[in-house]
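Residue numbers for the sequence shown follow our numbering, beginning at 1 and rising by one.
Hints were generated in silico from the structure; no laboratory data involved. Note that the coordinates shown come from a computational prediction; the quantities given were computed from them, not determined experimentally. The beta carbon of each residue, even a glycine, is placed where N, CA and C say it ideally should be. Warning: the hint list may mix true and false statements.
[What the hints assert, rightly or not] Distance windows between CB atoms, simulated:
#1 G36 to L81: 28 to 36 angstroms
#2 L55 to A155: 30 to 38 angstroms
#3 P131 to N27: 45 to 53 angstroms
#4 Y211 to K21: 34 to 42 angstroms
#5 K234 to S150: 17 to 25 angstroms
[Said to hold, decoys possible] In silico lysine-lysine, DSSO-like type, Cα no more than 30 angstroms apart, as pairs:
#6 K26 to K15
#7 K34 to K159
#8 K15 to K159
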Amino acid sequence: MISVPLILVIPDLEKNGNQEKYFIGKNYLSAISKHGGAPIVVPYTMENVEFYMQLAHGIMITGGSFTIDPELFNQSMNCDLPIKHERTQVEWAYCQEALERKMPILGICGGMQLMNIVFGGTLIQDLSKIPGVFNHNVSDDNAHSVQIVSNTYLAQHLKCTTLEVNSSHRQGVDRLGNNIRISALSSDGIIEGIEHTYHPFCLGVQWHPEYDQQDQEIFSAFIQACRIFQLQEK
């Protein structure tokens, strides 16, 4: 049997009266599968975190239309987005476990923001309140360009200096967390990519690479890092 790296993906949760449903964008799972990984969508059960982490070789943290509780980075609420405590709690646990194990982590959109907070950073809660910042919540293909910072893991994997990206976020990274560096910036100064300085693979991007062919190298590099982790764990 061919052994493939198993990638944990934390879904979103939709509540409608007494009904609750997990859901996840198809493109996230397709991108993992396309590059040789096997995605596992995990529930919000804290008692199962250790079990799933024993199986996994990497985790992907995604975003959604909500805000991380600003109390987690010592701020008061300054936006109109809902808070999803249950999701943040389980994502935080998986992220910390992955960091301790040096397991590869890929954060996309809000997932990048969570990574920064876990490392002790903060968020801009509402980009529309920042003078000179353009609208980052447009969802269009090629919404704006980003500058890839040289001598970063992201530059190494993408092999380019600028990139046209989609954009669908109302918040952004503000103060960087411990041992986190910037790997991409938009022309208005908003941080679009971050990475850990010494973790084997801990990368976050603010845009959605799962929708763009030009960004597939991000997933290729992520799955390759997961394969290496898998081999080291044997």
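Hint check:
no.: 1; hint: G36 to L81: 28 to 36 angstroms; in the structure: holds, 35 angstroms
no.: 2; hint: L55 to A155: 30 to 38 angstroms; in the structure: holds, 32 angstroms
no.: 3; hint: P131 to N27: 45 to 53 angstroms; in the structure: violated, 34 angstroms
no.: 4; hint: Y211 to K21: 34 to 42 angstroms; in the structure: violated, 23 angstroms
no.: 5; hint: K234 to S150: 17 to 25 angstroms; in the structure: violated, 35 angstroms
no.: 6; hint: K26 to K15; in the structure: holds, 20 angstroms
no.: 7; hint: K34 to K159; in the structure: holds, 20 angstroms
no.: 8; hint: K15 to K159; in the structure: violated, 42 angstroms
In this structure, the earlier hints numbered 3, 4, 5 and 8 are contradicted, and the remaining ones agree with it.
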